[in-house]
Structures are given as C-alpha cells and as structure tokens.
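Residue numbers (this note's numbering), protein chains in the order written: chain F, 1 to 330; chain D, 1 to 330; chain Y, 1 to 330; chain P, 1 to 330; chain U, 1 to 330.
Since the hints were made in silico from the structure, they are not lab data. There could be a bad hint or two in this list.
Stated by the list, open to error - Here are the simulated DSS-like cross-link-like pairs (lysine-lysine), alpha carbons at most 27 Å apart as the crow flies:
no.: 1; chain 1: F; residue 1: LYS185; chain 2: Y; residue 2: LYS185
no.: 2; chain 1: P; residue 1: LYS272; chain 2: D; residue 2: LYS185
no.: 3; chain 1: U; residue 1: LYS272; chain 2: P; residue 2: LYS185
no.: 4; chain 1: U; residue 1: LYS272; chain 2: D; residue 2: LYS272
no.: 5; chain 1: D; residue 1: LYS272; chain 2: P; residue 2: LYS10
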Amino acid sequence: MIVDCALYVKGQTRHARTDITAALREARAGGGFVWIGLFEPTAAEFAEISEDFTLPTLAVDDAVRAHQRPKLERYGDVTFAVVKPGRYVDHEEVVEISELAIFLGEHFVITVRHGVSDVPAAVRAELNTSPALLAHGPAAVLYRALDLAVDGYLDVVEAIGIDIDEIEEQVFGDAGGEHSERIYKLKSEVLEFRRAVVPLAVPLQRLVAGEVPWVGAAAQPYFRDVHDHLLRAADAIEAYDHLLTNVLAANLAQVTVEQSRVTVRQNEDMRKISSWAAIALVPTAIAGIYGMNFEYMPELSMRYGYFVVIAVIAAICVGLHALFRRNDWL
Amino acid sequence: MIVDCALYVKGQTRHARTDITAALREARAGGGFVWIGLFEPTAAEFAEISEDFTLPTLAVDDAVRAHQRPKLERYGDVTFAVVKPGRYVDHEEVVEISELAIFLGEHFVITVRHGVSDVPAAVRAELNTSPALLAHGPAAVLYRALDLAVDGYLDVVEAIGIDIDEIEEQVFGDAGGEHSERIYKLKSEVLEFRRAVVPLAVPLQRLVAGEVPWVGAAAQPYFRDVHDHLLRAADAIEAYDHLLTNVLAANLAQVTVEQSRVTVRQNEDMRKISSWAAIALVPTAIAGIYGMNFEYMPELSMRYGYFVVIAVIAAICVGLHALFRRNDWL
Amino acid sequence: MIVDCALYVKGQTRHARTDITAALREARAGGGFVWIGLFEPTAAEFAEISEDFTLPTLAVDDAVRAHQRPKLERYGDVTFAVVKPGRYVDHEEVVEISELAIFLGEHFVITVRHGVSDVPAAVRAELNTSPALLAHGPAAVLYRALDLAVDGYLDVVEAIGIDIDEIEEQVFGDAGGEHSERIYKLKSEVLEFRRAVVPLAVPLQRLVAGEVPWVGAAAQPYFRDVHDHLLRAADAIEAYDHLLTNVLAANLAQVTVEQSRVTVRQNEDMRKISSWAAIALVPTAIAGIYGMNFEYMPELSMRYGYFVVIAVIAAICVGLHALFRRNDWL
Amino acid sequence: MIVDCALYVKGQTRHARTDITAALREARAGGGFVWIGLFEPTAAEFAEISEDFTLPTLAVDDAVRAHQRPKLERYGDVTFAVVKPGRYVDHEEVVEISELAIFLGEHFVITVRHGVSDVPAAVRAELNTSPALLAHGPAAVLYRALDLAVDGYLDVVEAIGIDIDEIEEQVFGDAGGEHSERIYKLKSEVLEFRRAVVPLAVPLQRLVAGEVPWVGAAAQPYFRDVHDHLLRAADAIEAYDHLLTNVLAANLAQVTVEQSRVTVRQNEDMRKISSWAAIALVPTAIAGIYGMNFEYMPELSMRYGYFVVIAVIAAICVGLHALFRRNDWL
Amino acid sequence: MIVDCALYVKGQTRHARTDITAALREARAGGGFVWIGLFEPTAAEFAEISEDFTLPTLAVDDAVRAHQRPKLERYGDVTFAVVKPGRYVDHEEVVEISELAIFLGEHFVITVRHGVSDVPAAVRAELNTSPALLAHGPAAVLYRALDLAVDGYLDVVEAIGIDIDEIEEQVFGDAGGEHSERIYKLKSEVLEFRRAVVPLAVPLQRLVAGEVPWVGAAAQPYFRDVHDHLLRAADAIEAYDHLLTNVLAANLAQVTVEQSRVTVRQNEDMRKISSWAAIALVPTAIAGIYGMNFEYMPELSMRYGYFVVIAVIAAICVGLHALFRRNDWL
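Isolated chain F, as found in the complex (with noise of 0.2 Å):
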C-alpha cells in the first residue's frame, strides 16, 4: 500500500500521488527527489514500482517479507538500509519492534515500512519544514529515520531502566514475594530489543566511514552522532541484561530466606504447641494411676494422699514448663 508520494525540487514539497514516473522525470530535470513511503505491500504491489526504479530484486524481496536485520547494503547506485524503530509499550512491559527499509537512490527514496513507528511521518514533518535538511537530498532521509529511530531507541532504554527500578523495589521492598515472571519476561524483551539494536552498529560505522554513495563527507559528523547515541544504547541494554540477570538470582536468594522464614515459624509454633501437649500428658498419666481400681492400692485410703499427688503433678508440670522455657521451646 502507498502511503504517500512527494516530490521535493529545489527545497520545495510537493504532493504527486498520481504519476510516480513522471514524478521521478522531474525530480531528475529539477535535481531534487522524489519520495515514496509504503506500508507492508504486497509483493505485487511493490513490483511496479521496483521496475520504475530499477530497485534491485534481493532487496525488494527484503523490503516485502520484512523480519530482516538492521543492515546497510549497496547494489550499484542504490543503497539500501533497513532499520527496526522500537517503542516501549508500558503497560504491558514490551518492547515493540516495527522495521523500515530504505531505498536511496540519487534522486530518490524508497521507505518500506511494516508495523507501528511513527518514525517515516516524523521525518516527512521535518523535511517540510526544513528547506536547510531538503538541501541534503535523499540522504536526509536516511540520517534523519536513523536519528529517529535511535533516539526512539534511547527512550525504550529509559523506560527499561525505569521498570527495572520497580523490579529492583519489588524484589527487594517489604512485600517480598517471588517475581522470576517479570525478571524473565523484561529480559526476553531485553534481549529482542538488542537484536534490532547492536547489529545497526556496523551500517553506521559504513556510513561515518563514507562507503555509501550519496551520503556526503559533510553528513559524516550527524551518522558519528547516531552512531554514539546507538552504542550508548547499546551500553544500556548490555547493563539491563546483566542486572536482570542478578535481579533473579537476588529473588531466588530473598524467596529462598523469605519462604524459610515462614518455615522456622511455623516450627516453632509447633514446638511450642507440642511442649504445652507434653506437660498436659503428666496429669493425664499420674491421675490414670490412682484411677486404677486395685483393691489395695495403699496411696487410696492415706489422708492426703490426694493433695499430695495433685502437688507433685503441678510440681512436675512447673518443672517441665521450666525446662521447656530454658531449651527455649516455649
């Protein structure tokens, strides 16, 4: 599907939905480009426009199956670059990657995206208002979509920090509890979220270093900059992924203390109940004697013979409740 088709000549915009060809003729006369922004074409679709351009056929093929890695690649006088914007979708704690890919040619661009980014609408803004970025031709394009998505990436990164803050609180806060879920998912998004990240390192590099054509040595500096915020995020996701990691060993460490905790409790409450038991037992024992029924049982018929045995058995039970209380049972 055609989202959009402008032609740009001489810092002017111009909106050409209808006749990309002749669109691309101008653009040609007038030494300015023509852009033409898709979104998930089918393979038929997008092959008309491939022939118009003489778009190189494994590219296209990319650019339609989509799922392809950040990369930088030249065919010819055609470049073509893929990039994965992601954006942080909080609530759920996942990190959503869309992918863009980008012909550029002299005097044209070619974007390619699938999923949600904002990113190509974003840059189209910018281009309308900034006849200083139209004067870079195409390559404007491209440095401003990588910005873009590299600063989008730098937010994911916040905000990952941000939710690891409230793992670290959790984990470590008074309500304790075991939160191996969280940890692990946040990681599996951690390291998805690396796959679209680290490997746009080297087509960066490619492009401080001036290997793509009509990427200017004065536009050298902006792709150094990208490429340093790329590997600050790049720092970032490395540090996330090993603080995930020990945020689950230090959960395992705080459940595993936690859970115990209840356990000791728990049997001390049965040592204790157990104790108060076992001294129930002795009157329960001493009494069942005298309640025998022998016909000669001296004791019976002895004047105190009763207060007697009632005092030994609450002496017994003061002792044993003594002991107890100095094995610290009770």
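The hints should help you fit chains D, Y, P and U onto chain F, whose structure is shown.
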C-alpha cells in the same frame, strides 16, 4: 550411491545416468556443466567419480566420512564446500542436521548428501525450471543450496521460537511444575544447531568477498543476501540460548516457591490439628484427676462439684481456643 | 550558567567575566587561550557562546543534553570530548557519576559540567599555580581533566574494594544472614560505573596515538599514563563484577545451609518432645485399663497387683527411653 | 631415553641406532632425513643429541621439562612444535593428555614424547609403508603427527559426547538422583582437554599460511584439513562445556523437586497420623469426664446415659472424620 | 631505600654503594652498566636518582606509588617496565602479589621493588655467576626478572591446582559439608592473580616483536619463551576460574542433597514416633469408656467382658501396627 546425474548445456537439462565421462566431455564442449548427486557413498563408490573429475583427495575423504564443519576450501580450480542443512522435527523437539558436500569445478558440480535433506532435490527442481539460473553455471547450484539451507535455518529458528513460547507458558502458566528436562533438551538442540549454522558465516564472507573461483562478481549480492539471513539465524540462536538459560533459572525459582507453598500449607494443617489435639487434652487431664479413687477428695462430695469442673473445663477449652486463634494457629 | 571565564596569556591568568569575544581576540593575539566553564547550561544560555566560538552544533546539543557516553570527536579544528567523573558516596554505597563536556580549540577551552564534580575546579587551581602546565595550551586542560577523572575512578575502585571486603566479612562472618540486596545494589553500581569508565579507553588511545589536533607528541606519554590508569580501573571493575556474582552465589549457599541448620535443630526438638510424649502415653494407657469398672477383673483383687502394674509401667517407660536413646531420638 | 632412530633416504627406511652423527651425515648426503624418537629424556640424555643437531637451547629445555602449551616456534632453520595428543580412558571418564615435542630441520626430525601416546609409533608405521609420504621429508612427520593427534581429539570428543548422553539419561531418567560429582568431574576433564586442543589452532594457522620452513605450499591443504578438524573438535568442546553447565543446573532443579516430593509425602503421612490421633482423643476426653468420681453426677444414674454418651462419641468421631476428609487431611 | 648498587663492566661485578654518578660515568666509559636496586622508596629518596639518570617523571611517579598494572613503556631512550611477581602462601591460601618497576637505559638498570619478592635478589645472583648473561647488558636484567616472575606464576598456578584438588576432595568426599567460603576466597585470589598475570602478555609480545630499545633480536627467542610460559599460566588461571565456579555450584547441589537427606530421616523418625503414639491412644480411649461410672453399663457385669475388651484392644493395636507397616510408616 549415485542419486542423479544431469547435464545442463545451453539452458537445457538432460539426464545422463549412463556415461559420466561422456557427459563431462559434452559439458566442456558446450560450455555447460554436469551435476552428479550422491547419497552417502562409500569410499569405493566415490573413487571412480573422484578420479574422473580429479577431485582433491582430502576433500573426497571429508565428503565420504561426513561429520564436517560447514566450510569452503579451494583446491586449485576445484572449490569444496560443506553445508549442513537442518530441519526441525517438531513433535520430538529435535533439530535434525544433515550434511551436503559440494565440489565445484568449471564444468561440474558434485553434491554428496548425508542424512535427510530436501535441499538438493529443491535445487534441481529450480534449475530445471529456470534457464536464467542455469546461465550462472555451477555457482548457481552452490548459491541455491546455500540459500535454501539458510532459509531452512530460519524455519528452524521460528519453530524453536514457538517451542520457547510454549515453554514460557508452561513455566509461568497456572499449571506450574518442573520443566528442566524439556528446557535442557531444547537448549542442547540449540547448541548443536549453532554448530551447523554459525561456522557457515566464514565461507559466506569469502563468497561475498569474491575469493572463490567460478563465482563471478554478479553473484556477490546473492551471497551477501544469504550471509545476511545467516546472521539473522545466528542472532536468534544466540538469543534463544540466553533465553533458555534464563527460563531454566526462572523455572527453578517458580518450582521452589510452588513447593514451598505446599509445605507451608501442610505445616498450617499440622498446626491446626495439633492445636485441636492440645485443647482436647485439657478435659482428659482434669477429668483424670477427678477419676482418681482417693478416699479423701473433698470436691467429690460437693453438691455442684461436677458442674463446677465441667464449667472449668469448658472455660479453659474456650480460652485456649481464643488464644490459638489470636496466635493464628487455628 | 557560566561559572567562570578565564584568560591565560603568556603564563598569566586573568579573569575576564565581562566580554568573551574580547577575551578570545586577546587570546588569539597573545598566543594564549580562554577557558569558559559552564554548569548545566540551557540551550539558550549556550547558544551565544556556541556562536562566538563557532562550535559544532551536534556537539553543542550533546553538551547541553548530557547523558552522553565518554567520547572524543573531531569537528574540523574543534575537538569535543566527554568524560564522566565519578565519586563514591560511601554511606549510601552509590557511585555518583557526573559529566564533563570539553570543547578544545586552538585558543579556547569550553567545559560544560553536569552534576557534582570537583574536577573542573581542581584543574583550574592547578593551572593557576603551574605556568609549565599553561605552556601546553588548551590540551593541558584536557589532560588534567582526564587525569583527575581517572584518578577519581581509582579512588572509587578502592572504595568499592573496601565495601566488597565488608560484604565478604558479613557473608562469611559469624553473624551470617542474607545479603543479596546489598550485593545486588553494589553490583548494579559497579555496572553503571563501568559504563562511565570503560568507553573512555578509546578516546585515550586516540590521544596516545596523536590523532587529536592541538595535542602535541610531547603530551602523548601523559595521556598514555592516564590510559594505563584507566585500564587499571577497568581491570578492577571487571574483577569486582565477577567477585560480586560469586559472593552472591556463596551467600545463597551459606544462607541455605544456615537455614537448614535451624530446621534440623527444630526437627530434633520436635522429635525429642514427641518421644517424651510417647513415653508418657504408656502409663496413661495401662492405668486406663485398670481403671475400667468391669465387675470381674481378676488382677484388681490381687494383693500386689497394683505394685506389679506400677513396676510394669516403669519398666516399659525405662525400656522405651533406652530405645529412643539408642535411636538418637532423645 | 632414545626409543628409536631411523634413517630415511631415497624412499628407503634404515634403522640406525648406533651412530647418530653418521646417520645425519648420510641423510644430508642422500637428501633424506634422520628421525630420532625419545621418551621422557633427562636433560643429560638429551644434551648430546641437542649438540649434534645444534638444537635451540630454550626449545630443548621445553622439550625436556614438558608441560608446555601446544605451540610452533621458529629458531632459525629449526622449527620446534609441541602437540598434546589426548586419549579418553572411558572407565575413569578421564582424558589422558600426553605431550609430543617435535624438532624439525632440513635433514632431521627429533620427537620427544612425554606420557602415553601411540601417535609417534603410528607415524613411524605409516612412513615405513608409504614412500609417497617420505618424499615430503621431515614435514611429513609433523603433518602425520598433527593429523593423528587431531583425529585422536575427535575420538575423545565422541567419547565425551557418549558420556554426556549417559549423564543426561541418568539426570532425566526415572532413577533420578544427584549427579553433580560426575558432571563436575567430566567438566573438569573437558576444561583440561580444551587447554590441549584450542591453542593448537594458532600453529596450524601458521602452517596453513606457509610461514614455516621445510613445509612447502603443497603441504598447505593437508594442514588446512587438520586445522579444520581441530576447529571441529574445539566447537564440540565448547558445546560440551555449555551442556555440562546446563545439565548441572537441570540436575539441581530435578533433585530439588524430587526431594521436595519426598518431604511433601512425608508431611502428608504426618497429617494423616495426627488427624487419626486427634479423632482418638475425643472418646478419651469424654469418657474421662464420665469416669470422674463425683457423688452427684445426674447423667450417671440415667437409664440410657451410657448409650447416649457412646452415641455422642461415635457421632463426633464420624463428624471429625468427615471434616478431615473434606479438608483433604485424611 | 637503596638496597643495592652494582657496577657491571667487562663481565666483572663491582659493588659501588658510594657514588652513583661516578659509577654511571664508569659504566658509560667501559661499555658496562649500573644496577641500582630500591625498596619502596619515598618520592624524596627517589628524586636524586631520578635526576642523575634523567628518568621520565611519569614513570618515576608510577614506580614510587606502585599499584600499577604490568606494563612496558618507552620514554625516549628509557624503557619502563612493571611486573608483578606473585607467590602462594599455602597455609593461608593467599596469592601475595609484589611489584617490580624496572627502568632500562643503555648503561643502567634501576629496579624498584614493592612488597616481598625474591626475584631481584635471584637475578642479581645469576648475574654475578654468569658472565654470558652480563654480555647482554641491561636487557639481561629485564629478561631474567620477567622469566623468574613468570616461572613464579607457574609455581603459583601449580599450588592453586593442588588446593583445587583438595577442595574437590572435600566437596565430593564422604565428609560432605559446605565449603563456599573456601571456594569463594580461592576464587577471589585467582581473580586478583589474573590481574597480575594476564596484562603482562602485551609487554612480552612487544618484546618478542623487538619494539623495545636495548633489546636485540638475539633476545627475542628468550622473551618468546617467557611469553609462552605466561600464556600457559593464563590458560590455567582461566581454567581454574571456571572450575571454581563449577565446584561452587556442585557444592551447593551436594549440600542441598545432604541436608535434605537429614530432613527426610528426621521426618521418618517423627512419623514412626507419631505412629506408635497413635497406636497407644487406642487402649487409652477404649479403657476410658469402660472406666465411666454409669450405673447401667451392661458390659461391665458380663463374666468375660474384661477379657473381651482386652482382646479387642490388642486386636486393634496389632491391626494398626500391620497397617502402618504396610504404609511404610513403621
């Protein structure tokens, strides 16, 4: 065992099972090439072919014995490549790795397959239907075989991804349970798969760099594309490796907590039962005392002695019950 | 906010808060340099200076927004460096990272500080007292800032080392206990600190290699010395990272054992109590039998029946006690 | 100790134990070479040979003292190589590493063996039966020794793989149990084995690159083949290392669950026993009350008092039993 | 503190404590060199020497302050090296790292030792007895110091290996127990030791490559030999690091199982005791019923009531016992 022998001359395919040397001569004359496909040949079976095409001995050895690393070696004019296609047997969660050795000369291709793989058959089918492909000569076979093998890797990667999702659901789902065996076995498959995938990067880089004879500059973008897909597979394998390690740790945490929860509940039950038992001991003990047969027990002859004792017992039991409740034991 | 503006000409220091352009002109004329120190300037505050010195826009952006990686970039004649001094707040076990952006021209140095750091003030003090240093021009500022920052890293490294020693004493000391929170938090500080320290190696290597303008060959040994100290800090950070991972595991082992010891002792108590209770049940049961009111119970009328029963009870109890002792239950 | 001394001239093998210098002279004259094989020589035993062949002192030291890393060093015309053949002692699950130092000159090979290895004997046997091999001169000995050693590594790798399969069956099999000792010990063997295998890659790369004198370009494919096999062994070792770490973790998970299952079942037993005991306390307590000897207890003289009480006891017991059943305690 | 000052001219050793400048002059004149050995000098003590020999200030700083990384730096004609000899204090399981800074000029060597190390004394002794060594000039001191230090590393490595064997015996031996403290502490020593050993590889590579003045090509094989031994030590350290991590995990597994075994046995005891107690409750309960004082209890007046009840009690007890046996509770 020779599976197939085909002669490709001037865009035409001719099956030529009978006379290999004649076919080779014809290929040389007509600027075409012969493709001989073998399946797990014995050294003896391979010896004759090896002689006819003057294949390098070391490479022949490797091709017959199999269990090679993915590689690409030059022996004078002959290029020897080993690629290990993989496929995922989903119901066993096993990656089945086969092996395909390819000898590439100016006028011949010899493929030696070990294990089950549909890559050679698929390449043959493509050649038969695409004269454009045939125009590239033997290199086309190498390209298609590598491309299909790497595409197969991406399929395996996707299938493993689905299994990891399943494992995540099991581990973090309501059913809980211990899944270390499944996780470990999948991880062990991933490790083996990696050994088939990752070393292929070096041969592909060499093909991209144009260091291989009979592979023209025009073919380089194609190999670059394959290389790129390989890197994608390798990235995913790396990520899966990490994920599985983490899910194993998370599972251990989950299981620990789950089991602890069971133990805690069991302990609570025991505490409750013991508490009731302790309460039941009170009437037994007191009643035991008044069941003694002493002749002189003043309480026995009291008019309301019995009722007083019953009341005392009841009071103590109720009191204990309240106390245990307050301690959260009941 | 401009913190300070100084003019260094012919080994002399002059404070020149009023007119920056005049100071710059004078510096150029006299072969000296101007140093302007800023603290967390807004984009607006920085705009004028940036114009006066024709600073590169991208670098100005980075300097204003902060949160950069340590780096060193050339923009024509201007060198832009970012260094992140750190200090250890011992009572919180936190590494506080500040940020210092440095613009280096032939006749000026502009430093932009974010966060708390005494590095710029210390450099200024050194400049004011050392004419020899001044002779090196703006590069002296860069050298001193890097040297002091790296020396600060070594202080932090030492302080962390002391905290790790403390943790080791806690973990392996008699008090025992679970310290995963402290270990994790220190580890997370180490990881953040690493992100400030390690990337500085590349800028320093470039300074040592003499790739930076206005940094003469004479300055290279100085930067090599700083580089060397940086590597020392990086080595230590790496080692601490490993140590903390290991001490976390060791702590988990210790805690597991400690808790288990508590449980085992509790279980022993329970076994002891239960054993005594079991013994106490014997007289109760036997006495209960002779407390039955059957009319015909021959033992009851025996002359020594009572004494025999008492003896039997005592014998059983003593026997049980001995048995339990032998089983190690008492 | 000199194990063997052979003279190979013009494709002929002659044993020449007696006079080494004469043999060397003859080898030089006839364009052949002398091979002297030693077994754990003392410094004194080796001194004479070392002098005759003017071997480099440092290398001689290394060869006598053994415990070297696999390496390849040039000392002028003499090449010194160390390779560490390994073999797997299956019943002990131990990798036995021996050491083979090889001095290579234009007209001589000196091999120094430490420990048990059949590599030198096998090389000798091959030389005696293959004149083609002899034609390559001393380099043939180096090639065959490296090839056989690396083939031996692949055998060890396979044997370790079988043991890992066994461990997996033990860990995940029905018998369960704790296998950390076996896993750890095998891992420790793998680590030691790696130290023998992996460093050999550098010497082999140098041989492939043709940096070694007396090793012609014709020999390079052979060394490349060995190098390739070495990489295969190294890949497998890496994978085994990972697998063993993971199986250790999985085993811990399994054991934890297994033990917990035992504890849970024991706790269930205890709950059951306690529940029955609690039920048994009811008749004791109630009967105790009616066993009291108060003179005035109205129920005692009721006609059906006894039966009512029995019925009440039975009702309570049945009720408790039903309650416990519902709580899943019985 | 100056420990020693020696003058080596024409293969002769002369002690020259008195006048350093005179000694240096003589060394220059005679083509020999002066060796000054210092032990933990203060900055003031070192200042004079530093001036006499015009040593580079930065290096002097490093030598005085110590705590450097192993390194090798060129300052014009002067080479500055730092090596950190280590020795293993077996009864404390501690690696004691000392530090040796070496200044190398055409006619002098200055060594600065921090901590306890017998390396300088050993080098001196060798020099005094070996004129051949003296002939190499100051480089001989560097070579011998590095060689002895690295040999010391190998001794430490061996001693650590023995301690690891001991730990393995403890962990997997019959005594069992928790050894995380010992394992952790040894690991922490290994990590510190690594920081002394591994960075030395770079200086040695530079010496092998001949980048260091006053170190001739003839010396390169010697340094290569040292380098090789260093790599051997580094390999072993790496392996030990892995082993200790694994033995910690294995120990945790062992301890978990061991403790669990104790708990299981305790639980079995409790079950046995409780089972017996439950049996004992039967006669108590039944006898209690027939001990009630109801006037109308038909069984009491039966002729064989008593015996029937005794028989019933016995039957129930025997039955319960059999049941518990079958349940494996007794």
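Hints not upheld, ascending by number: Hints 2, 3, 5 not satisfied by this model.
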